[in-house]
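In case you want the letters, here they are:
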Amino acid sequence: MSTLEHLRNREAILRISESEAENRAEVIDPDDERMIINMGPQHPSTHGVLRVTMELQGETVLRSKPIIGYLHTGMEKTAEDLTFLQGPTNVTRMDYAAPLFTELVYSLAVEQLLDIEIPERATWIRMLMCELNRMSSHLLFLATNGMDLGSVGMMIYGWREREEVLRFFEKVTGLRMNHNYIRPGGVAADLPDNWQSDVREILDILPDRLEQFDVLMTGQPIWRDRTQGVGVITAEEAIALGATGPILRSTGYAWDTRRTMPYLAYDKVDFDIVVGSYGDTFDRYAIRLNEIRESMKIVEQCLDMMPKGPYRVEDRKVTPPPRARIDESMEALIHHFKIFTEGYKVPAGEVYTSVESPRGELGCYLVSDGGSKPQRMHIRAPSFVNLQTLPHMMHGGLLADAVAVISSIDPIMGEVDR
Amino acid sequence: MSRVQTSEGTAEGNSDTAPDNAHTDTAYDVSVSNSNGQIVLHPEILLYESLIKNLAADGYQMCVDLCGVDYYKNLTRKLPNGVKAERFELVINFLDLLGKRRIRVRVQLPEDDPKVPSISMIYPGAEAMEREASDMFGFVFEGHPDPTPILLPEGWVGHPLRKDFSMGRIPVQFKAVEGR
Chain A
-10 MSTLEHLRNR EAILRISESE AENRAEVIDP DDERMIINMG PQHPSTHGVL RVTMELQGET
50 VLRSKPIIGY LHTGMEKTAE DLTFLQGPTN VTRMDYAAPL FTELVYSLAV EQLLDIEIPE
110 RATWIRMLMC ELNRMSSHLL FLATNGMDLG SVGMMIYGWR EREEVLRFFE KVTGLRMNHN
170 YIRPGGVAAD LPDNWQSDVR EILDILPDRL EQFDVLMTGQ PIWRDRTQGV GVITAEEAIA
230 LGATGPILRS TGYAWDTRRT MPYLAYDKVD FDIVVGSYGD TFDRYAIRLN EIRESMKIVE
290 QCLDMMPKGP YRVEDRKVTP PPRARIDESM EALIHHFKIF TEGYKVPAGE VYTSVESPRG
350 ELGCYLVSDG GSKPQRMHIR APSFVNLQTL PHMMHGGLLA DAVAVISSID PIMGEVDR
Chain C
9 MSRVQTSEGT AEGNSDTAPD NAHTDTAYDV SVSNSNGQIV LHPEILLYES LIKNLAADGY
69 QMCVDLCGVD YYKNLTRKLP NGVKAERFEL VINFLDLLGK RRIRVRVQLP EDDPKVPSIS
129 MIYPGAEAME REASDMFGFV FEGHPDPTPI LLPEGWVGHP LRKDFSMGRI PVQFKAVEGR
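So the sequence lines, in the order shown, correspond to chains A and C. Position 247, counted from 1, in the first sequence is what the numbering used here calls 236; the numbers after and before it change by one each time, with no gaps. Count along the second sequence starting at 1, add 8, and that's the number in the numbering used here.
Derived by calculation from the structure, the hints in this document are not laboratory data. Since the model is a prediction, treat every value here as computed from it, not as a measurement. The beta-carbon is built from N, C-alpha and C at its ideal position, and this holds for glycine as well. If a hint is listed, it holds; no wrong ones were tucked in.
Heads up, simulated EDC-like pairs for lysine to aspartate or glutamate below, C-alpha to C-alpha not over 16 Å straight-line: (1) C/Lys171 with A/Glu69; (2) A/Lys306 with A/Glu106; (3) A/Lys66 with C/Asp172; (4) A/Lys257 with A/Asp293; (5) C/Lys171 with A/Asp70; (6) A/Lys297 with A/Glu109; (7) C/Lys92 with C/Asp120; (8) A/Lys286 with A/Asp261; (9) C/Lys92 with C/Glu119.
Computed footprint of chain A on chain C, listed as stretches where at least three residues anywhere in the stretch have a Cβ under 8 Å from a Cβ of chain A: (10) 79 to 93; (11) 159 to 168.
Using the sequences provided together with the hints, build the complete structure.
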């Protein structure tokens, strides 16, 4: 219980209401020179619309509170009005930097309620695409993290490398983002011809570029000064606050759902879990950089081990029949019509599934009442929970470091607010 | 083996929701059931806080997820014997990082008084999630250190994820901007 008392006694969270924060903003208390300021919601380094209310004493951050909800569009409510087939179009818009993971966790939940087994090739395609997505998401992190800390060149490089991956996504799914590619029952389409050479090209380009990033940032004294020892959190604190992903791993705690509670075919591929040792901003940066290398290892193995066969279940109640069958078979036409008008029915029940997204544990709690639309669909968004570590990481640090800390959490506001 | 139901075969689906006599087991002194291979505990509200303390002592270090569910008029859902279905449910997922196990707690909350003790003193990570459930369903978490809205603006009327909060029929509530 000592961690709990420690967290409580630290008084890192500014527990005042929104309107009170507005009234007291930018007024210096004459007694102790404390002042409350609002950072955001339109600050360039707040990654969208995050607002942080901070209590400052001089340049030191004392208490703070992340204020969210500016992007709340009621996506969980929307999900209750969409059929299980339409669901992925909605959830893919939550974490817009890693959309395939939300599609995956939703599809896994639906499949578990349906009690269907998806073909092996679909599993491997999902794994290939998710690891490529992890790479693109971490490259985006490197870009924004570099920009936030003053390395503006890095912003351009990160976006450039990410685009290489997104170009492949566009070829496979038709879209750069918001793919709706992973669906209950498998994936929307098979990989295109010559996909191997496209993936190989990405794998050929990246190692050199990652080494350039090492020169530009990892080994650079200014970069290290800005990040080392900044925003420190311990493993006990991270666990108590529910933080997962790179934040938990930066403390040296090797928790990665892909390894500890394997899903898809992660138990069949070889990769390492990257952990840090100090739980600071530098560790969180280094973990993400090296996770790109680990993802490349997995992608490499997907290239070699990709099985042949169908890319979605052959159960015509769940996946539509091939176009050509509709011309020949009345039954195929009926199935096609039923799936796209009424949707398929999912047995009553509830289930929680989870995957390791680039930001931590991404979960989906799905309740079905036996109809073709969910009774309740809840996404456990890692960014939403991870943001709770922010006041503890910023406490006692400098205002200039607050930017580094926010950036190192890598929050995606679409997922935080849903 | 596929259990997909066609639109013609709904009769089978209804029998699924009847109470199952096989589930009368208990764990941590509360009813336990198996939901698609996942362990679910069903405490009464009075036993809720002590159950959470027991779980924390038993190695469930992390409160992974906390959310509400509105079953509205669907009161015939499958629950263990002796658990009375209410309109609302509070669902919490716990994770044991060392033992690599998960457990879920489902608490039945009555429509007229959806009140439970807050667990954010035991699991500080539940704080934001409890605020969200309070926004979306109007649950009251007693002893919560910061019971302010989190996703909704201050002063918002209604709880959007309740089933009787219909979509598209309610005008957007704008806040008045003073001096303009």
